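Order-wise, the sequence lines are chains G and V.
According to the working numbering, the stretch in the first sequence is residues 375 to 792, in order.
According to the working numbering, the stretch in the second sequence is residues 91 to 256, in order.
These aren't lab readings, by the way, just hints derived from the structure by calculation.
Possibly wrong hints are sitting among the right ones.
Claimed, not checked - With the Cβ distance kept under 7 Å, some of the chain G side facing chain V (calculated, not the full set): (1) Asn648; (2) His728; (3) Asp731; (4) Ser738; (5) His747; (6) Ile789.
Stated by the list, open to error - Estimated spans, in silico, between C-beta atoms of each pair: (7) Asp726(G) - Asp247(V): 31 to 39 Å; (8) Pro128(V) - Asp538(G): 27 to 35 Å; (9) Arg516(G) - Asp247(V): 26 to 34 Å; (10) Pro128(V) - Asp423(G): 31 to 39 Å; (11) Ala787(G) - Arg223(V): 22 to 30 Å; (12) Asp141(V) - Asp529(G): 43 to 51 Å.
Keep in mind it's a predicted model, so treat the numbers as computed, not measured.
Ideal Cβ placement from N, Cα and C applies to all residues, glycine included.
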Amino acid sequence: MAPGVADGMKLDVARVKKDFPILDRELDGHRLVFLDSAASSQKPRAVLDAMDHYYATTHANVHRGVYTIAEEATAAYEGVRGQVARFIGAPSPRGVVFTKNATEAINLVAHSYGRGRLAPGKAVLLTEMEHHANLVPWLMLREERGVELRFLPVDDDGRLVLDDLDRQLEGVGLVAVTAMSNVLGTLNPVARIAAAAHAAAAVVLVDAAQSVPHAVTDVEALGCDFLAFSAHKMCGPTGIGVLWGREELLEAMPAFLGGGEMIRDVRLDRWIPNDIPWKFEAGTPPIAEAIGLGAAIEYLTELGMDAVREHERALTAHALSTLADRHGDDVRVFGPPDPGERGGVVSFTYRDIHPHDLSQVLDSSGVCIRAGHHCAKPLMRRYGVGATARASFYVYNDEADVQALSDGLVAAAEIFAV
Amino acid sequence: MAGLEDLYREIILDHYRSPRNRGELPSPPARRVEGFNPLCGDEVVLYVDIDPSGRVADIKVAGQGCSISQSSASMMTAAVKGRTEAEARDLIRAFKAMMSIHERGLDANGDAPDDVSMPAVAGLDLGELEALRGVVKFPVRIKCATLSWNTLAQAFDEAGAGAAAD
Numbered sequence: 375m376a377p378g379v380a381d382g383m384k385l386d387v388a389r390v391k392k393d394f395p396i397l398d399r400e401l402d403g404h405r406l407v408f409l410d411s412a413a414s415s416q417k418p419r420a421v422l423d424a425m426d427h428y429y430a431t432t433h434a435n436v437h438r439g440v441y442t443i444a445e446e447a448t449a450a451y452e453g454v455r456g457q458v459a460r461f462i463g464a465p466s467p468r469g470v471v472f473t474k475n476a477t478e479a480i481n482l483v484a485h486s487y488g489r490g491r492l493a494p495g496k497a498v499l500l501t502e503m504e505h506h507a508n509l510v511p512w513l514m515l516r517e518e519r520g521v522e523l524r525f526l527p528v529d530d531d532g533r534l535v536l537d538d539l540d541r542q543l544e545g546v547g548l549v550a551v552t553a554m555s556n557v558l559g560t561l562n563p564v565a566r567i568a569a570a571a572h573a574a575a576a577v578v579l580v581d582a583a584q585s586v587p588h589a590v591t592d593v594e595a596l597g598c599d600f601l602a603f604s605a606h607k608m609c610g611p612t613g614i615g616v617l618w619g620r621e622e623l624l625e626a627m628p629a630f631l632g633g634g635e636m637i638r639d640v641r642l643d644r645w646i647p648n649d650i651p652w653k654f655e656a657g658t659p660p661i662a663e664a665i666g667l668g669a670a671i672e673y674l675t676e677l678g679m680d681a682v683r684e685h686e687r688a689l690t691a692h693a694l695s696t697l698a699d700r701h702g703d704d705v706r707v708f709g710p711p712d713p714g715e716r717g718g719v720v721s722f723t724y725r726d727i728h729p730h731d732l733s734q735v736l737d738s739s740g741v742c743i744r745a746g747h748h749c750a751k752p753l754m755r756r757y758g759v760g761a762t763a764r765a766s767f768y769v770y771n772d773e774a775d776v777q778a779l780s781d782g783l784v785a786a787a788e789i790f791a792v
Numbered sequence: 091m092a093g094l095e096d097l098y099r100e101i102i103l104d105h106y107r108s109p110r111n112r113g114e115l116p117s118p119p120a121r122r123v124e125g126f127n128p129l130c131g132d133e134v135v136l137y138v139d140i141d142p143s144g145r146v147a148d149i150k151v152a153g154q155g156c157s158i159s160q161s162s163a164s165m166m167t168a169a170v171k172g173r174t175e176a177e178a179r180d181l182i183r184a185f186k187a188m189m190s191i192h193e194r195g196l197d198a199n200g201d202a203p204d205d206v207s208m209p210a211v212a213g214l215d216l217g218e219l220e221a222l223r224g225v226v227k228f229p230v231r232i233k234c235a236t237l238s239w240n241t242l243a244q245a246f247d248e249a250g251a252g253a254a255a256d
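Construct all of the structure, not just a fragment, from the sequences and the given hints.
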């Protein structure tokens, strides 16, 4: 029986909590209630130990030395590429490019594929619910290349409106869509969008920063051509992310950043790029971070991604009903009302108390939530709010955490009561 | 750990619940300046009517934000209305000095000299604004408190630049 899994599909959250040292911390006598994993998750002991162990026993630069520890470091680093491929259902590690984070992965595609393969006049289809990371690189490309940007709209319940999808795909070279909104929690029908996009001869990039950490991911089932995500949202360290791409696309794309590692040969007047995936990994990569990502994947795999998803679905359902039952119309929740249609992210406003103030009051009882525009300002404008409060759940959250959130709202109401 | 009572003083909550000088002014003649807090999405829109003698004849605040940014903006309008630009700039300097304990070094264009303490600035009595002093214990919120003040400085700067260009 894997640690943290009590029986079958159900997570044993009490045991999972013990795996995360930071959750032992007390703030002013309050236990830490961490409800901001959509921004960045906490790290289990196994990940911290794997990185410490690597630095204490194995560290050397990869792909350079012939000595023992350099070979060990290279094998460990490259081994994680295979782990990542298996974790996302990719056919081969050759399509797995390590980046700094999901943002850099998307920028890589916008620069390399965008400059190399998207002719001026071609369109890029996005959605109104994209994170700035999957919006600004395309705005930059528009300024530079004159590509047209189009947007799939969202309805009042936070779902993408796909009625006009086929027409919107005409003349589109690339579709970039989030698998799960970091604000609304909406799980988007990526496979359906990808099928329509391919029928229109467009390639599909999926921003999976919010989905890979929380559910089974299978790039073949999604039917996407690129997939971007970050390690730090899935129990891994900051500083490493992944771009998975179809090998034939990556082969045809120009390099992104220049430097060591990404070359086969360099002369004073020319250079020859390395094979994929190294062609896109200029400079010394985040080796220890890759080791940490590998440990995170192992940890999540032991918990079982189906169990993770079911836990978060159930907890989100509990949170939505708690907010509705206890706070009624004082709480406005954004996104789909059905927990089956959303991940473990609940954005809300409470009375007319500004989310910053809510977050401040909750902090005084150890509860960490995000307040602001969540790097999705166009979406905030779509719903006519400047900011929302956001609670997001992960493997270490439970109903007591939801209770702490709910109690904090009552405390805020007492302070700000008009 | 600083307590919430350090932050949410009654006077701050009063300005938040009943903001002074809320609204808009016809622009032109009033100068309209927007300020943004990229961290949290707060937006303040100031309408500043500066009369020919350089006095702040009227000032209004629109936009949205948290209790700290809104109450600070409200107090700011009450403090600068009727004052000359020079007096208002002194107030801005004094207020930012009060807020600079943590902001110093973070804000590249923070212009508060290291040795300026509140009473040293032109003998100004900040009055109600002193209630915002507790904000410095919550460094993330300092930008909320200074948003409207920076926006007012921007209004003066743009007015000055406009006059120079004329």
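Hints and how they fare:
Hint on Asn648(G) is violated. Least Cβ distance to chain V is approximately 38 Å, over the 7 Å limit. Hint on His728(G) holds. Least Cβ distance to chain V is approximately 4 Å, under the 7 Å limit. Because the smallest distance between the Cβ of Asp731(G) and any Cβ of chain V comes to about 5 Å, under 7 Å, the interface hint for this residue holds. For Ser738(G), the suggested interface contact is upheld, since its CB lies about 5 Å from the closest CB of chain V, less than 7 Å.
The criterion of a C-beta within 7 Å of any C-beta in chain V is met by His747(G), whose closest approach is roughly 4 Å, and the hint holds. For Ile789(G), the shortest C-beta to C-beta distance to chain V is roughly 6 Å, which falls under 7 Å, so the interface hint holds. Evaluation of the 31 to 39 Å hint for Asp726(G) and Asp247(V) yields a pass: the beta carbon distance comes to about 33 Å. Separation of Pro128(V) from Asp538(G) is about 33 Å and conforms to the stated range, judged on CB atoms against 27 to 35 Å.
Taking the beta carbon of each, Arg516(G) and Asp247(V) are about 31 Å apart, inside 26 to 34 Å as hinted. About 37 Å separates the C-beta atoms of Pro128(V) and Asp423(G), a value consistent with the hinted range of 31 to 39 Å. For the pair Ala787(G) and Arg223(V), the supplied restraint of 22 to 30 Å holds, since their beta-carbon distance comes to about 26 Å. In this structure the supplied range 43 to 51 Å holds for Asp141(V) paired with Asp529(G), their Cβ-Cβ distance being about 50 Å.
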